[in-house]
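Asks: Now for the letters of each chain:
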Amino acid sequence: MPEYPSIVFAGTTDGGAVLDIAEYEKAGGFRALRKARAMAPDAVIAELDASGLRGRGGAFFPTGRKWSFVPKPDQLPKPHYLVVNADESEPGTFKDREIMLRVPFRFLEGCLIAAHGIESQHVFIYIRGEYEREFEVLRDSLEAMRRADLLGGVTVVLHRGAGAYICGEETALLESLEGKRGQPRTKPPFPAIAGLYAAPTAVNNVESITTVTPVFEMGGAEYAKLGVENSSGTRVFSLSGDVVSPGNYELPHGISMRELIYDIGGGVPAGRELKAVIPGGSSTSVLTAADIDTKMDFTSLVEAGSSIGSAGVIVIDDRCCMVQLGIRVSQFYEHESCGKCTPCRVGTKWVTQILQKIEDGRGSQADLDLLLSVCDRIMGKCLCPLGDSDAIAVLSYVDKFREEYQAHIDLGRCPFDGESSLEGILAPSELHAHHGHEPAHV
Amino acid sequence: MSVASEVQKLKKRYPDPLSAVMPALQVAQAENGGWLSPDAIREVADALDLTPAYCLSIASFYDQYYLEPIGRTHVEVCTNVSCGLAGAQQVVEAFEHELGVSAGSTSEDGAFTLGTIECLGGCGWATVVAVNNRHRLRVQAEDVPGIVEELRGA
Amino acid sequence: MSELVSVTVDDRQVEVPKGTGLVEAAQVAGIEIPVFCYEPRLGPPVGACRMCLVEIEGIPKLQAACTLTVAPDMVIKTSATSAKAAEGQEATLEFILVNHPLDCPVCDKGGECPLQDLTFRHGPGNTRMTFQKHTFDKPIPVSPLIALDRERCILCYRCTRFSEDVAEDGQLIARNRGAHTEIATFEDEPYRSPFSGNVVELCPVGALTSTLYRFDARPWDIQNVPTVCTSCAVGCNTSATIREGKVTRILSRNHPEVDRGWLCDKGRFSYPHLRAEDRITTPLRRGRKGLEEIAWDEALDEAESMLREAGGSIVTAFSGSETTEFAYALGRLLRTGLDAHSAVLPEATSDALEAFRLPLSGIAEAELVVVIGDDPVVERAPIVDLWIREARRHGAEVVVCSPTGTEKTAPGAGAEICRELASGRSALAKKLRAAERAVLVWSGPGGGGGARLAELAHELGFADKPGCGAFHLPSASNPRGVALGWAVAGEADETNPEPIELLLVSGDEAASNADVRALAEQANRVIVLTMFHELAGGWADLILPSTTALERDGTSMNLEGRVQRLRRAVLPPCPDELAWISKLAARFEVDVPAHAAGVFAEVAAELYRDLSLEDLGVHASLPARHAYVAPAAATTPDPVESANGGLRLQRYTPLFSGPAVERVAELGFQRPGRDVELASGDARSRGIANGDAVVVRSNGTSVELRARVNRRLLEGVVRVAEEHAGDLHPEVEVVKA
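Residue numbers (the numbering used here), protein chains in the order written: chain G, 574 to 1015; chain H, 0 to 153; chain Y, 15 to 751.
Mixed in with the good hints, there may be bad ones.
[What the hints assert, rightly or not] List of simulated lysine-lysine pairs, DSS-like, C-alpha gap at most 27 Å:
(1) Y:422 / G:760
(2) G:651 / Y:32
(3) G:651 / H:11
(4) G:930 / G:973
(5) G:753 / H:11
(6) Y:422 / H:11
(7) G:651 / G:798
(8) G:798 / G:608
(9) Y:422 / H:10
(10) G:651 / H:10
These are calculated hints, taken from the structure and not from any lab test.
Taking the hints into account, I'd like the entire structure generated from these sequences.
Replies: Rendered as structure tokens:
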């Protein structure tokens, strides 16, 4: 297997972490920060543009361009904010956690470079509430940096989430950070102009921000040489599911799915066959074994009918019923829907109900048509991408595994006869006072 | 340390004190045995000069604020796709059996609450089980009796 | 003249000002884009319901029209010309109806329901939903006034946005998330806010309904009579819904300058007092055996003889809520017919503020609002409180100088504050002088009925600044109109006679006023015009049943100086006052028209210079400013007693008080508890905690009340509602019971 460069995780070996600031500095840490601080903010942004770095959270928006949308302080004399989205909750994605645990200084250094680029004195890191250990590591690392006088007058606030996937959507995150319910806003206005506290704000993902550090270490142009056109640099792929060696793997964009799953991931367990791959987190369309040679980069995956999303690669083998998969995924969106807009609030639940009916063997042909119609009626009508994600996922399962869905209808039962790997899997149990019912089983 | 004094410190962290409502609820919950009773919510409201209703609208939005009493040990098993494929349902059933409580409930003696939850961001180390918000990785059904014994002994 | 932008809506081209929203632009083109959550009065649009989806050329995804403003040459297609938009809107309705119960036959909203209307126009003809709908216990009481049906709720969030972003009471909230979201209050606490009833009008379905109106009528059974509320001096424009000759509810009639479509709960829900059990419908005379019912002719005879016997030594005590015509007619009878010129109002009024007129909507545009006075604005003129909140949301600085305000000042200090601000020494004074759009508000007793405020406004040069204005918030609804009506009814001195042979008490507010009762004790004979038995039963010699605003034609001048028209919504159970005053006046050779229109014509000729009732229109306009006329100097200074170590008692009249409110059981929960408000420090030093039973003592009397710690209250001051304050003196002590 070829040796792939470690860019994000540079400075660590064999899954180790660098948690000691002296060790980090000795290995060359904060070089990039000093270099960036000596540059004008516009030059910082230009360096990012040259790198071709695009958001690693899922939207893949060019990072330099995003920062350039933030007006200069003299254009808009309000405090400027950098908000880091550490609310990683996309099923199949677990890379930001490992980044924060293993290379916290690299990440925090990137925060400070970014703050300099958008001329911000104020950084907020919104970290999901479930990442308690990661919060502690960041807190301690931040304290070490504060004592070492590295913050340069920038205030960094660690804000903990409390369990809501929707708060990973940038405007919902801002609402949550402001102390309101985490419901997305309409755009315009865009966060760059009126974001946190109605002030100019850039919202970036953890991996994106961490990558800023090596961009300044090696220079933007050098970074752009990695990966492929349209998808420069390396990516931390989260590999999970029915695969022998799941884990986070930092690889250049453009690597093939075959190499990732088989050469690096060890392939599916013995005796089983690859059935499906979700390439970019549960919000992306499923691909089949026939797509195994697709390159993992933005353009190739779009051409294949899916998306790179959060690079959360879920491998599914032939023991899994695709209707059950649909139910579990749809339940996720139903549970996480914020409830603000009608099609998502109502549609995600309805889709789940129809899928359950089909799985229970009570589905008719009309129900299959209804399922597709309801997904179409959600698609493109919602306030934010959450509703669309449910529709995209389910529509792709039906599209790629039509015969399996049809079999449920024709047979009047699930053809896996209780042997599917997801058989009986429970939806989230609700502990809030309002719920009197038990969690649903698939 | 009182909730009120802790909240005053939290307010100072943010340009707008309303932002302190989430950490304030976290603090009040921790001080109230792991859940937010109506009085705990009133205390937060009072400390932030908000209405209890407003604080309730925030607390009830998120999964990690508990509006009902919670067991001393809170066990949460992820049942999302990757953990599901790795046998999460069997892990859940093992916990149900060992703890004598069904998912979504608290044991009679108030010792354990068992729940199933959405993706904890540990898919590569499935199945992930959170015990009082600290994650145990690669949990399989056969590991459960040992875990429960450990938790009971703690 | 703002820049115009040209857009096309469904192939119709229109030009609208830059910044116009798409829904409004479509309206200009004569096209209605359907909406649920969109309501500009609630703040920026949220784009939640997805009802207003339209197709915009060049944008692949459907857009929520309410969230966008026009761009040059934008091409917009609504469901009328875009199949995609039509599908989108049908999808929204299908989703809304998935859980919506088929309650129309039993739902109050049926027939005036936007969901029904839009489903007919844009919705699916059939349901495809075969699963069990989400059910709830229903209806549940959000308060004694409002019922909530969570099954009908479409989660448009209008109600929660009103609670949070308009009334800012933070009581009605959304609980949980996703499909489990529900509208709720905290625990089982009622939605207690002076403005709660507005959510009933805002709700586009039958989820929030009025308990008072429940099952009362169908929209095709009713008529709406446009009139004006006189519960306070704002004069909100209302529609009285009538069925079979009874008022069944009050709705807003949205005057954009006065009330913006909001009503307070007192104005909205006190109408049942028209049918109170103890309402008097026949005249009563005190005889040897107590009060006996007499016929109207006999009553007028009795009144005539009492008036004649009094020989001009008559005082008329007004409530201040009479129509201007009523006051004028009474004035003609008494002043012209009997040479009795003395009249009293509960509070002084001053015409000097007419130089600084501003519509109430001008408050929302202000950069600086300064409120002076002892009483919270919301207790005196609730809607003004909403205007001030809107100003603050728009970035205005709001300074409140009162015992509970942002600047804590002692009760009675208002006049001194005005003088200080006029001197221009303080930072605030300088800001006031420099501002182009500043508003002064006097909210409380004293101050010469706005005179001191007018002096300040004059000193600040407000007369030359159209964005600046000053308001006095009187305790009654039409004191200026009453004073003016009385004033033009005669000429001559108006001092109180000694002794008072006859006291004529007009209206329930006057009948329950302690000062009027004191006058009644001095007077030889008393005639009371009242609606309710218990108010005057003990001390009146002759009681004539009175009508109330909903039963009257006439005009009323609100606190802006705007003259607005009342229309009779229902017939009173007794003759209209103008009718019998006219008859009575004739006996004294005074000719007064028996109908409001005729009286108005006479009054208008004197006061309003050829304004006709028709000119007032559906939404009356605010007359132009008058030239400033300096008010008379204060005759008695406002009392600013210094407390000698004790606590200073501030009595106040809560919004939810008075004979009308007392007779509506459902309003009971809004009434003040038997409370005494204490400042934090005063409570602490006395070992009193919030909710403790306490005894409030003054020289010779004491009252048992419950302590309420008010963090915003000035130390040294305690507040007790008038109705609970008994005979307490201005200086009190408070101890734990």
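Asks: Please go over all the hints and tell whether each is borne out by the structure.
Replies: We went through each hint and held it up to the structure:
no. : hint          : result
1   : Y:422 / G:760 : violated (42 Å)
2   : G:651 / Y:32  : holds (25 Å)
3   : G:651 / H:11  : holds (19 Å)
4   : G:930 / G:973 : holds (20 Å)
5   : G:753 / H:11  : holds (18 Å)
6   : Y:422 / H:11  : holds (25 Å)
7   : G:651 / G:798 : violated (37 Å)
8   : G:798 / G:608 : holds (21 Å)
9   : Y:422 / H:10  : holds (25 Å)
10  : G:651 / H:10  : holds (20 Å)
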